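S.K.: Sequence:
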Amino acid sequence: MTKIQKSVEQINQLVIAAGLNDSQRLIQLANLSTDIAKQVNIVDKSYKNLNEKFDNSLQAWQSHLEVSMQRTVDSQLSFFQQADTSMARVCGGLLETAKVLVAAHDNRQFGNGGSNHG
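So the sequence shown is numbered by my numbering: it starts at 597 and just counts up by one.
No wet-lab data here; the hints were simulated from the structure.
It should be emphasised that the depicted structure is a prediction, and the values quoted were computed from it without experimental measurement.
Keep in mind that the hints are not guaranteed to be accurate.
As the list claims (entries may be wrong) - Beta-carbon label-pair distances, calculated as ranges: (1) 599 to 638: 49 to 59 Å; (2) 624 to 658: 48 to 58 Å; (3) 644 to 600: 44 to 54 Å.
Even glycine gets a Cβ: it sits at the ideal position worked out from N, Cα and C.
Given these sequences and hints, build the entire structure.
M.R.: In structure tokens form, the structure reads like this:
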């Protein structure tokens with residue numbers, strides 16, 4: 597019986613040394629859960645920070661894109677307005693040239709017509 601009692605004591609000491617008794621396991625689990633909770637908080641804060649930076653980046657790119665698109669639209673409008681103005685000048689000049697040519701033609705016809713009939 598003494599040998600059994602001695603063996604039980606040795607096994608109990610081995611269990612305690614290895615940290616395998618119930619109270620030590622609970623303490624280890626409590627410490628582990630505390631460490632895990634700290635790591636989860638760190639990851640959560642990092643994720644929130646990353647998400648905020650990503651949102652800010654998206655807003656900056658959206659703003660940049662909107663400004664760029666507006667500049668493109670303004671540039672195209674300006675180009676076509678200038679093109680319209682230039683075409684109006686050219687067409688106006690062609691109209692004036694056509695009027696001069698018609699007037700010259702009419703003068704020639706009336707001038708030639710009057711001398712041929714006289």
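S.K.: Sort out which numbered hints this structure fails and list those numbers smallest first.
M.R.: When the structure is compared with the hints, only number 3 turns out to be violated.
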